[in-house]
Amino acid sequence: MTISQRDSSQHLSPVPKPSSSARTGRLSWAMGFLACLPVPIVNTLVAGFVMMCVYPATARKGPPQAAENARNAANWGLTVVVGTVAIVAYMLAMGIADLTRSFLPLGWGVIGYVALCIAHLGVTIAGTARSGRRVFSGVVAIPLFRPPRDPANARPTERPDFRTRLTPQQTADQAVLDEASARRAQGERVKALRGVTDGELRIYTRAEAGPAWSESSTSRAVYSVSGISALVAIESAILVILIIAMMGSSKNDGGVFVVGLVVYGTVWLASAIVLTSAVHARLLRRKHGLPDPVQGSGHPFKA
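In the numbering used here, the protein residues as written are 60 to 362.
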């Protein structure tokens, strides 16, 4: 090495590399730990708003995995904010209406807020841990933030004849779509969906697709069995608390407890039915050698 080359190499500055959290979107989920601030109500509001505010910048500058993780975290942050506001509104309304100042029914707001904090902490821990390796999804959240539309996939004003310029992969996809259409014409309830593992288009029956059959989406991916199981477990714990509280309450508060149990029991039953459908669908897919489907992925060609 010559002197000039040695001198020039000493002046070269290393190119900064983005941090792993910036490449994967883990930072978006980690912002949920702001809820650990020792200020009730304010901590969950701050955590939810920060998780939402991180998404726009990550969607513009980050890679696809980081953008998707940030979008899912933003939807969950919005859900936490809406839940906190609803609980505060309920507590204020019950506090004004309840002149006896007894723990119930005002205490339902406290129980609900504690359950919300526990659920938020669990989702934040799972999101922070898993988003470093893949897109963390499957949590039930308000789907306000949608994935950005790819201009390359936008429908043109004049639709060209794609069949004259199909790639081999697109030809295979079109064959699957044609087969699904033919089977639906015969009365079968089938749908073409892409597998999570390889992205290949396959035909699923309604029983095999499970919750992925629905076109609506909370976080783009199919509802995961683990996510629904966690939700049902939390709802079951709250339901048990309600039953225990009703058994120890006075007769005057019995009507309030009955109404609460009926409403919450209906929510728990709906979640249990979704979980049963998801578990049954997974067993059928394993029996037939099918991967888990991606919800809303029955478009003709890959992006």
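Wrong hints could be hidden among the right ones.
Unchecked claim - Taking CB as the label site, the calculated pair distances span:
{"hint": "1", "residue 1": "285", "residue 2": "95", "range": "22 to 28 Å"}
{"hint": "2", "residue 1": "122", "residue 2": "246", "range": "40 to 46 Å"}
{"hint": "3", "residue 1": "258", "residue 2": "326", "range": "49 to 55 Å"}
{"hint": "4", "residue 1": "153", "residue 2": "265", "range": "38 to 44 Å"}
{"hint": "5", "residue 1": "306", "residue 2": "173", "range": "36 to 42 Å"}
Bear in mind the hints are in silico, worked out from the structure with no lab data behind them.
The beta carbon of each residue, even a glycine, is placed where N, CA and C say it ideally should be.
A quick look at each hint next to the structure:
Take residue 285 and residue 95: their Cβ atoms lie about 23 Å apart, and the range 22 to 28 Å holds. The hint said 40 to 46 Å for the Cβ distance between residue 122 and residue 246, and at roughly 44 Å that hint holds. The hinted range of 49 to 55 Å is not satisfied by residue 258 and residue 326, whose Cβ atoms lie roughly 34 Å apart. At roughly 43 Å, the beta-carbon separation of residue 153 and residue 265 lies within the given 38 to 44 Å, and the hint holds.
About 20 Å separates the C-beta atoms of residue 306 and residue 173, a value inconsistent with the hinted range of 36 to 42 Å.
Of the numbered hints listed earlier, those contradicted by the structure are 3 and 5.
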